[in-house]
Structures are given as structure tokens and as C-alpha cells.
Amino acid sequence: MLHDLRELYQAVILDNAAHPRNQGKLVTATSDQLVHNPSCGDTIHIYLQVNQGRIVAIQFTGSGCTISQASASLLTTVIKGKTMQEALTLADHFSALAMGQGAPKAGLGDAAILTQVMQFPTRIKCATISWWALKQAILTEQEGKV
Amino acid sequence: MDKSNALRRSDFPELTRRIGDQPLTYLDSAATTLMPTPVLKVLQTFYATSYANVHRSVSTLGYETTNRYEAARQQVANWLHAGSDEIIFTAGCTDSLNLVAATWGRQHLRAGDEVVVSIMEHHSSLLPWQQLALQVGAKLRFIQLTSEGTLDLAQARTLFNAHTKVLVLTQVSNVLGCENPVVKLVKWAHAVGAIAVIDGAQAVPHLAVNVTALDCDFYAFSGHKLLAPTGIGVLYGKSALLQQLPPYRYGGGMIADVSCETASWATGVQKFEAGTPNIIGAIGLAAALTYLTHIGWQRIWQHEQVLLQDLAMRLAAIPGVTVYGSGPRYGVISFNLTGVHPHDLATVLDQLGVEVRAGHHCAEPLVKALGTESTVRASVFLYNDAADCDRLVEGIKTAKEFFHVA
Numbered sequence: 046m047l048h049d050l051r052e053l054y055q056a057v058i059l060d061n062a063a064h065p066r067n068q069g070k071l072v073t074a075t076s077d078q079l080v081h082n083p084s085c086g087d088t089i090h091i092y093l094q095v096n097q098g099r100i101v102a103i104q105f106t107g108s109g110c111t112i113s114q115a116s117a118s119l120l121t122t123v124i125k126g127k128t129m130q131e132a133l134t135l136a137d138h139f140s141a142l143a144m145g146q147g148a149p150k151a152g153l154g155d156a157a158i159l160t161q162v163m164q165f166p167t168r169i170k171c172a173t174i175s176w177w178a179l180k181q182a183i184l185t186e187q188e189g190k191v
Numbered sequence: 009m010d011k012s013n014a015l016r017r018s019d020f021p022e023l024t025r026r027i028g029d030q031p032l033t034y035l036d037s038a039a040t041t042l043m044p045t046p047v048l049k050v051l052q053t054f055y056a057t058s059y060a061n062v063h064r065s066v067s068t069l070g071y072e073t074t075n076r077y078e079a080a081r082q083q084v085a086n087w088l089h090a091g092s093d094e095i096i097f098t099a100g101c102t103d104s105l106n107l108v109a110a111t112w113g114r115q116h117l118r119a120g121d122e123v124v125v126s127i128m129e130h131h132s133s134l135l136p137w138q139q140l141a142l143q144v145g146a147k148l149r150f151i152q153l154t155s156e157g158t159l160d161l162a163q164a165r166t167l168f169n170a171h172t173k174v175l176v177l178t179q180v181s182n183v184l185g186c187e188n189p190v191v192k193l194v195k196w197a198h199a200v201g202a203i204a205v206i207d208g209a210q211a212v213p214h215l216a217v218n219v220t221a222l223d224c225d226f227y228a229f230s231g232h233k234l235l236a237p238t239g240i241g242v243l244y245g246k247s248a249l250l251q252q253l254p255p256y257r258y259g260g261g262m263i264a265d266v267s268c269e270t271a272s273w274a275t276g277v278q279k280f281e282a283g284t285p286n287i288i289g290a291i292g293l294a295a296a297l298t299y300l301t302h303i304g305w306q307r308i309w310q311h312e313q314v315l316l317q318d319l320a321m322r323l324a325a326i327p328g329v330t331v332y333g334s335g336p337r338y339g340v341i342s343f344n345l346t347g348v349h350p351h352d353l354a355t356v357l358d359q360l361g362v363e364v365r366a367g368h369h370c371a372e373p374l375v376k377a378l379g380t381e382s383t384v385r386a387s388v389f390l391y392n393d394a395a396d397c398d399r400l401v402e403g404i405k406t407a408k409e410f411f412h413v414a
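Those sequence lines, one after another, are chains A and B.
Note that the first sequence covers residues 46 to 191 in the working numbering.
Note that the second sequence covers residues 9 to 414 in the working numbering.
Please note that the accuracy of each hint is not assured.
Below, computed lysine-lysine pairings styled on BS3-like, alpha-carbon distance capped at 30 Å [unchecked claim]:
hint: 1; chain 1: A; residue 1: K70; chain 2: B; residue 2: K376
hint: 2; chain 1: B; residue 1: K376; chain 2: B; residue 2: K405
hint: 3; chain 1: A; residue 1: K170; chain 2: B; residue 2: K246
hint: 4; chain 1: A; residue 1: K170; chain 2: A; residue 2: K180
hint: 5; chain 1: A; residue 1: K150; chain 2: A; residue 2: K170
hint: 6; chain 1: B; residue 1: K192; chain 2: B; residue 2: K246
hint: 7; chain 1: A; residue 1: K150; chain 2: A; residue 2: K125
hint: 8; chain 1: B; residue 1: K192; chain 2: A; residue 2: K170
hint: 9; chain 1: A; residue 1: K70; chain 2: A; residue 2: K180
It is worth saying that the hints were derived from the structure and are not from the lab.
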């Protein structure tokens, strides 16, 4: 009866929540975004360092459930080295998939596992909060350069 | 016949539904209670046979509806040991608490005044006074917790002084389930000339409340926490205080006279009930009180105590589980499982059909004071039984295996 849950909480997800990658404040950040989900208390703060349109460094701080922390951790591993445009596309694809809409999984790596959160409607925000923060941080970065 | 040891379980049709492929284990009554068939039937019969508006018609239907609505007010008054001229029907406990801050608070609170408020308050009890204090330059002073998770009375004693205008206090915490010493704190408030506003949302389903004995100035609760529909609440206020208050909202039904330039207000509680009230909600609340009184408050309380004491012992015996606060508890028990976030635990429980609440329970200052960000809360009412508690305990053990925590 926990089959669907096992599909979501895979070993790589539990590992990323317990041992988050790229965690900590990025002192060289050129843009950052803090997002808080008041209904559950999940907090994610994404820091980006952008150089000539490419995200050369990305880190996060935060607290919350397994899904929110694993999602932020996997996001950083996927996004590091991508251009801002590539990152925005991936963020849109992730959010669409997590809400059960069609989009390509290509480029999302292990983060794609978390799009199975669509089977648990009350937890979708936990998975998408960091991707939303990423998108806002990129838009802020782009506005700053105009 | 009920096979379980729950009281009247078969009166609650929602308990027969399933969550996925699992039977429903409803342990979230502190959020809202399920509706029993007898209350549902009263609502259905009323809508089908005698529905009309109140107080504004010379018709037979209007007369009947007005009588039912005012009889509901009288029933609530009797139940609380108050007068019917002291019972205002509102949209809910939140609305009741906002009414006090918006009328009495705005009339009396000035720069330099102080509001004594417990750290246990639900946001609906804290925020109206926090925001009013910010607007007028008044100050909030918090009653903190002891290490046992009760209100620190020694510290509380030092907060009352000549500047204190209001005590804002929840009778039963919606996170810890403990009952606070309302009578003692109300006395301290009155001794310095302050009024006392009591949030009874989590107390009324589990305690015999006597507002005259509590001697509080205002007492607020919601109908949907004790088997009535949502959207109906009650504010008790001492009649001498209510007479001095300005209206809360303007509209039909709350006036004495209206001209183009000015207006005067209805006397009594009608002054606070602008617009068509929640007629069906009031009638539903009366039906719920009749149903619960018939079963017997003492019997309900004893049943809940058996479940909660058993649950407290069994939860505390699970390695890694932290239970917050200490007994006796009314309705709720909060806990955490080390290494598993409350939302992850609640998701596993949900897959097993066990419906609990996880989060800060709209009491962020309290949850922070407990040294955490969120908890899991299980809450019981008359229709729960020992099997429900078994399924919660088993669910936690399953979650421990699932997340590989020792």
C-alpha cells in the first residue's frame, strides 16, 4: 500500500535530503531568492553566481521536509553550469511535470524522480518551491542586467 | 449496534468512507469535527420545510425562523451559563476574536497600554491584538512556557500592572491540549482593571464551560469544532460591556433609525449582527449541542481521556518519538519523530488512511517556543476508538521502517 510512496521517496531522494549537495550561503552570489511556504514552514533560499549568462555556482540554505530539501539539493546539481535560459526551461518543465502536465524530462536527471509528487497533490508545493525560487532569482538577475 | 468502544460511531457517515484502499482513521477533530446524521437531518428538515429570513418579515415563515434562531441563542446562553443578551452569533471563533479587538480594543487601547497574551495563542487570538497594538502604539507582553510546557505563572504574575488593559488567553491549547488556569489569570487581570478575552475554540468540545464562573469578559468559540456546520461562531460578552461597544459592521438588522445623514443602533446583540446572519449555522449549532448534551459531556470527556492517556503512553514508548506538553490533555496530542519531518510522516499516515494535522497549527510562536518548526497533531472526539489509536501507532512504526530511522 506504500508502493506509490516508494516511487517518490527513492534512495537517491532520501540521500539528498539527509546529505544535501551544495548547501550553504554562496558569498559570491550575484542573485538570490528566499521562499517560504507558510502552510507547512518549508524555507528555501537559492543563491546564484552568474557569469556571462551562465550559472557558474549555485547553493541553497533552508529547512523543511524530505521532498523540499531533496528537491533543492538535486536542483543545484542539475542547474550548475547551465545558462540562465536553459535553467528557466528546466524549471518550467519540472513544475509542469510535478503538476501532472506533459513536458520533457530530458536534462532533469535524478530531479525528475520528484515529479512523481504529482500523485500526492498536497505535497506538490514541497517539490516545486526551490524551482520557483530559482526562476525568481534568474529573473531578478536578468532584470538587474537590463 | 456499535461494535467499537467509540460513542455513537455509527452516527457519523463519513467514517465509513475510505482513503485510497484504506479505511478512514479520522484523528483531526481539532481542525474540524465530522457531522452526525441527527444534526444533518435537522439542517435538511429546516431547509426543506421552514426556511426564511429572520427578524424582518411579518410572514409565518419569517416568524418561525426568527423563533428558531433566537431559541438557538437561548440554548447557547443556557449552555454557557450566560444571558441570551450576552450571546452574539458570528462567522466563527476568528470573527468573534476580531470583533472584540475591533470594537472594545479600538475604543480603549491607547499608546503605552499593555496587552498580556499567552505564547500559546492561536494566530486568530494573537493577530487582532498584535496588529491593533502596532497601530496605536500599545505593547504586547507574553506569558512564556515552563520547561514542562505549561504557562509560567510566576512570570505571568509580573506582567500585570496599571498599564495592562487586556488579557488574551486560550483556555485549551490547540497544540498541547493543556487547560490553562483561566480563573486565576482573569482575577489577576481584573485586579489591575483589565478585561479578559478567552479563546474557547478547543475547550468547548471537551470541557463544561461556565462563563459566569470563569468571570471572563469575552469568550469566543466556533461551532464546527463541536459537530455544527462551519461559518457559525459565538462571542459571549458581559452585557454591561456589550452595551457600551460601538457596532462591529454596518448593514441591515443592526439599526434603530436611519436617515440620509445619520443613524442610531439597535440595542442588545442585534447591534453586532449586521446583515442576514448564518441562520442555518445557528440552528445547526443548537442541534449539535442537543446531540452532545444527550450523550453527556462527562461521558464524552471520560471516553477521550481514556484514548488520550493511552495514546500518550504508547507514543512516548516509541523510540524517537517526542510528545509535547504533559497531561491531562483535552482533545489533542502533539508529537514529532526524530529524523522524519512532520509532513513526511503525515504523508505516510495518509497513505494508511490515518488523517492527522502536521505543521505549526496556526500557533507559530508556541511551536517555536517548543524548540521546533512543526509537529504532528492527533486529535480525538467521541467517535474515535481504540482501533483508531492502534492504527496511528502502527502507522508511525511503518513510517520509521519506511524512512529507515532507528
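Legend entry - Proposed proximity, K180/A with K70/A (alpha carbon, max 30 Å): At roughly 18 Å apart (the allowed maximum being 30 Å), K180/A and K70/A satisfy the hint.
Inset, instruction - Below or equal to 30 Å on CA atoms is what counts here, so check K192/B against K246/B. - result: It holds: about 18 Å lies between the C-alpha atoms, which stays within 30 Å.
Legend entry - Proposed proximity, K180/A with K170/A (alpha carbon, max 30 Å): holds, 15 Å
Legend entry - Pair hint outcome, K150/A versus K170/A [Cα-Cα no greater than 30 Å]: holds, 19 Å
Inset, instruction - Would you mind confirming whether the straight-line C-alpha gap from K376/B to K405/B stays at or under 30 Å? - result: Between K376/B and K405/B the Cα gap is close to 26 Å, so the pair holds against 30 Å.
Inset, instruction - For the pair we were handed, K192/B and K170/A, check the Cα-Cα distance against 30 Å. - result: violated, 44 Å
Legend entry - Pair hint outcome, K170/A versus K246/B [Cα-Cα no greater than 30 Å]: With Cα atoms ~45 Å apart, K170/A and K246/B exceed 30 Å; violated.
Inset, instruction - Please work out if K150/A and K125/A have their alpha carbons no farther apart than 30 Å. - result: holds, 17 Å
Inset, instruction - Measure nothing beyond the straight line between the CA atoms of K70/A and K376/B; if it is 30 Å or shorter, mark the hint as holding. - result: holds, 23 Å
When each numbered hint is compared with the structure, violations occur for hints 3 and 8.
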